[in-house]
Each structure stands twice: as structure tokens, then as C-alpha cells.
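Residue numbers (this note's numbering), protein chains in the order written: chain A, 1 to 579; chain B, 1 to 110.
Derived from the structure by calculation, the hints contain no laboratory data. There may be inaccurate statements among the hints.
Simulated DEER-style distance windows between Cβ atoms [unchecked claim]:
id, chain 1, residue 1, chain 2, residue 2, range
1, A, LEU303, B, ALA82, 37 to 43 Å
2, B, ARG31, A, LEU203, 43 to 49 Å
3, A, LEU303, B, GLY56, 33 to 39 Å
4, A, GLY518, B, ARG31, 39 to 45 Å
5, A, LEU542, B, PRO20, 33 to 39 Å
6, B, ILE66, A, LEU303, 37 to 43 Å
7, B, ILE60, A, VAL21, 36 to 42 Å
8, B, PRO55, A, GLY518, 39 to 45 Å
9, A, LEU541, B, MET36, 49 to 55 Å
10, A, GLN216, B, ILE86, 41 to 47 Å
Some chain A residues judged to face chain B by a derived CB distance under 8 Å, without partners named [to be verified]:
id, residue
11, VAL80
12, LEU90
13, THR208
14, PRO293
15, ILE305
16, TYR306
17, ILE309
18, ARG333
19, ARG336
20, HIS559
21, ALA560
C-beta: ideal position from N, C-alpha, C; glycine also.
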Amino acid sequence: MSSTAIVAIMAIVLVAVASAVVGAIGVRARSTSDFLVASRTVRPGTNAAAISGEYLSAASFLGIAGIVLQEGVDALWYPVGFTGGYLALLLFVAAPLRRSGAYTVPDFAEERLGSPVLRKICTLFVIVIGWLYMLPQLQGAGLTVATVTSLPPWLGVAAAGTIIVVTVALGGMRSITLVQAFQYWLKLTALAVPAVIALIFFLNDDRTFDRAAPPQFAARTTVDIRTDVVLQVGLPVSLEAAGVVDGRPVDGPVRWEPGPHTVAEDSRLVFAGGTAVPVVAGSPPTDAEWLDPLPASRDHGLLAIYSLIIATFLGTMGLPHVLVRFYTNPDGRAARRSAVLVLAMLGLFYLMVTVLGALSRLYTPQLLVSGETDAAVLLLPAAVLGSGWAGVLLGGIVAAGAWAAFLSTSSGLLASIAGVLSTDVLRGRARDLRFSALLAGAVPLMLALGVTRLDFSETVALVFAVAASTFCPLLILGIWWRGLTDHGAVAGVLVGGVLSVVAVALSLAGLSGTGWIGVLLYRPAVVSVPAAFLTMIVVSLLTAQRRPADTDRVLLRLHAPERLGLSRDRIEGRGQQFG
Amino acid sequence: MSTTGERSTGTIYEQVQDSPEFADLRSRLRRFVFPMSAAFLLWYLAYVLLASYAPGFMSIKVIGNINVGLIIGLLQFVTTFAITTIYVRYANKYLDPAAERLRTQIESAT
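Using the sequences plus the hints, can you model the full thing?
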């Protein structure tokens, strides 16, 4: 094992142990009263860091840079959408939901419409969304381990899954405000240091992005292909190959003419320095196109981007681990101040990953060949600084940051799925939270080992699409429209949920269509979100006699100012119930 | 919860519902939130439309490698942040005082 691997593993272990220790000596359970206690002591800055810490996942840490490396300017829509989604949550949902006293979407659904069936369906989707969101986290942790140690990826995924299940089952790694805040700053540092150093190297270098040609290998580069890829060659390329290329076994020099070329898994390609880099088919081949929004080479780019905007903008409010954090603020004014700080913190983080992703096009272009662009952040330090002590140390910091990102999001998700499973699904049969944690972790682990890895940003976009198609219409209409009925809500959530989940399942199974159908399978939101809203409204109008009798009272409590005494008694009642 | 609590909450609900202060608060919130979201979405969509129908404009070089498309893309972050700041200021300046007036009105009435 190389010194890079040893340093990186030590850094990862250090982060895991530090989080477990801080978590273990903290509050005993992720209970409602924990949030209420925290609300009296936490300052807006700490709280904002905690919200950001829980929100910024391994998929954000690794995936955004990867998608920037591959797609260029258009990839900015991912981080813009993630921050914009946060704004939508703030404007439409945060304050009313806070006043309702409901901590989760199922709680809200039951309180607003009083329907046990709706509660069950919402619980189901909390679990589905949580599992799907854990998938890229586990794969991200696996990719980190595999990249820094060159162990096989499945081993990394299995190790990550086991660690997270064991720690949550043993009650460690609780989602405590201070741990989350600490992990935000850790993640930011782990990105900012390499980003600034790489930027300094870039500015002192004579390299440029501004060329109407593919990127170039700076030195002789060996690329190991781990999954079958189709490469797009713009200029003729000479290389050495061992493995299966264009359907024929080869071992020796190869010359590729412009056009598509297939390379089978377990092949090895060796490129000389100065060679033009072939890129995975579908991404912009030249640097000039990479810098232009919506290049002509992209099929149905407009549809794909609109659908991505809808999914990210409306999906954030439906993520189970994001909503609950709003309760840690003492009042609405502090909550708003936190929200501004959160957006600044998210923006700073995403700026760093974007810089890293852009620079990796110059320093680690081999990822464009292997298709493993998500590893860009991990490999950039060594590519810029070389394999001396500086590169090794920086690589270790980045690996630790990626691991912190994985831990903070996954532990929050796993804890909330396990909680829902033990209270709503396995009721009575398994009082033991440990069994629930095992079950909650086993499913995404199987999924992560079973499905072909998509780019993290793609998987995350799919999860946001499911959340936007189910919980967004329910929350928006439930809060702002008195006409919603239980039948309307059930029908709408089911229509949006089934449409988006079917698209996700087909994408994860590796089935991809061509043309606009292919785009919709990866980006279903543009169809499934309006369909869910429309179904919910139409069915509610048809069943208007089922409008709950207490609608006016519930809505008033959601919209009347907090200190009126309308919501306070409920929150205190809850605190007693859980504390 | 005791029956007296229920009854008194009920009257507060009615009072709040009927008060002009509550109507004022609600319209202030709606007057801000809905137009602002519309403007925000339009600005998003305008960027995508520009990229798709005015690619020449988007690829004009400003400084070195940086083109108009990249600048407008990064500006999306800035606008998101700016809108949040404006919302917070609006809430502190117009929503909180309105809520406060409603509270004093309700309290003096009971």
C-alpha cells in the first residue's frame, strides 16, 4: 500500500472516530426534545453550519466537481438548483411548517388532513427517498476508499455500509448540532485548501481552457477502464491498449480515427504526453464547447435542464433530514438569519467544488476517459502537487472531507429511516431500534452493490425528482390552499411517486432510451411534478365534500404569527411527550 | 388538554381570523412571496432560453477564459443569495411589525 493510501486511511479513521466520540458524549437520542433543548442555546451561525453540514452530502462533495469536469458550464445548474431549492423551502414551507409543530411530512399530512392512509403513503415515500439518497452516499464512500487505496470498489461500499450501520445501531454518531457544524467546517477546509493551491498553480501555469480542441494529457498517462465505455474521438489518437477495444482483443499500439470507440471493462489504455483526450460519448468533446452553455452536441439539452431545475428547486423541501433542522432556531427571526447564512455557506462550498471540477479538466483528464469523473476532487491534489509529502497530505485531507460528508448525511438519513421503520412499519414486532437500523442500512447497501454506478449528480437529481413529485405538491397545496382533501392528496402523491419512481428504477437498472424519452427517464420531474399537482387539485375539487372541518383552524395556525399562543402549546406538549 | 384551554383557543382563532391586522399580514406576505418567486423563476428560465437561442451572446469572451454564459451562471448564485437577503429584510421590516400589531391587538382584546 502506498504512503498516499496510508495517510488517507488514517485521516478517514480519525474523522470517523472523532465524530463517534463527540456524538457519544453528547445528547442521548435524536429526539424532539433534543432539538427543542438545542433551540435555546444554539446561535444562528452554528445552526447555519449544522444545516449546511447535514445538507452537503458525499454526492455534493464529489459529484458536483465530477459533473463540472464532464459537462462544463451546464453543470452549474446542479449547485444553483440545490441552493435555489433551499430558498423555495424558506419562502413557502419553513415558517408555516414550524408553526404547525409537525416534524416530518407524515406528521404534517396527518395533522392537516387527518388521514391514516395518507400518513402511511408518506411514510413509505420517506423510506424510499431516504434509501435512494443513501445510495450515492454509500457509493461515494466506496469510491473514496477505492480511489485512495486501489481496493476494489465493492469492498469500499461494503465497508462504508457496515461502519454506518454499526455506529448508528450502537447509538453513536447522532445528529447533534455541534457535530454537524464541525463537519461543515471540515468539509469546507478539505475543499478550500486544495482549491486555493490548485488555483495558484493554474495562474502560474501557461495552461488555458480556451481552445477549440479536446483537453490534452500533460504527461504519459495510464488509464484503467473499470466499466465498459464508449469514447468519442475528435482528433486521430495513437495509444497503447491491453484488453478489448472496439470488440477485438488487443495488446499493443492502436490508432483511433475520429468517431466512437468502445472499450471493455478491465482494459488498460496508455496515452503519451500531449495526446488529445478522448471523452466519454455524450459529454462536450472540446474545451470551447465545454465552456459554452447548451452546446449543440447535447441532445434535448433544454428539456434536460428545465427538468433538472424543477426537480432541484422543488425537491429540497421534501428531503426528510433537511426539514427537521428548522426547529433548532429559537424564533422566526433567528431562523431567517440562519437561512441567509446557510445560503452563503452553501454558495462558498459549491464555489470550491466548481473550481476543483474545472481545474481537474487540466490536471486529471484521464477521468474523462475512464468515466470516473466523480473521483476528480480526490485525485486533483496529487495531480497538481505530485506524490511528494504535500500531495499526500492534501490527498488525505480531501479523503477525510469526503468521508465526513458521507458520515454526516448518511447518519442523519439512516437514523430517520430507522426511526420511521420502528415506529410506523415494524410496530411492536421489533421494538429494538438496532434491528431497524440494520434493515434501514441493508437495503441501500444491496442497492449500492447491485446497480451500476451512475454519476453521483445524476443519482441525486433522481432522488430530488421523487421528492419534488410527492412531498412538494403536498406541502405547497397543504399550506397554501384550503381546498385540499385527503383523497386528492393520496391520488396526487401516488401519481407523482409512481411516475418518478418508475423512471428512477429504469435508470438505475441501466435501461436508457434515446431522444426525449431517454432524457425523461433521467429527468422525470418536468412530467411527474405537474402531473402530481394537477391530480391533487382535480381530485380535491371532485371530492370537495371531504374537505376537513378544521381546515380553517389548521391553516390559521400555520399562517398566524408565532407568539400569538396558537402554536406554542402544541410544541410544548410535544416536548413533554418525547422528553 | 383542558376544556377551558380548548374554548379559549377557539375564541382566539376567531378573533385572529376576523381581524383586519391578520388580513394585512397575510396580504403583505403574499404580495412579497409570490411575485418574488415568479421573478426568480423567470430569471432562471431566461438564462436557459438565452443559452439555447442566443449561444453567440453567451460565448462572448469577457476576460480570458471567462465568457458571458459562465458569468450569468455564477450570477444565479448571487441572485439566490440576494433574494434571500431581501426576503429577510422585508420580513424584519414589514412582517414582524405587522405580526406584533396583531399580537397587541389580540392581547388587549382578551
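So, going through the hints one by one against the coordinates:
no.	hint	in the structure
1	LEU303/A with ALA82/B: 37 to 43 Å	28 Å, violated
2	ARG31/B with LEU203/A: 43 to 49 Å	47 Å, holds
3	LEU303/A with GLY56/B: 33 to 39 Å	22 Å, violated
4	GLY518/A with ARG31/B: 39 to 45 Å	42 Å, holds
5	LEU542/A with PRO20/B: 33 to 39 Å	35 Å, holds
6	ILE66/B with LEU303/A: 37 to 43 Å	27 Å, violated
7	ILE60/B with VAL21/A: 36 to 42 Å	54 Å, violated
8	PRO55/B with GLY518/A: 39 to 45 Å	23 Å, violated
9	LEU541/A with MET36/B: 49 to 55 Å	28 Å, violated
10	GLN216/A with ILE86/B: 41 to 47 Å	45 Å, holds
11	VAL80	4 Å, holds
12	LEU90	7 Å, holds
13	THR208	6 Å, holds
14	PRO293	4 Å, holds
15	ILE305	5 Å, holds
16	TYR306	7 Å, holds
17	ILE309	6 Å, holds
18	ARG333	7 Å, holds
19	ARG336	5 Å, holds
20	HIS559	6 Å, holds
21	ALA560	5 Å, holds
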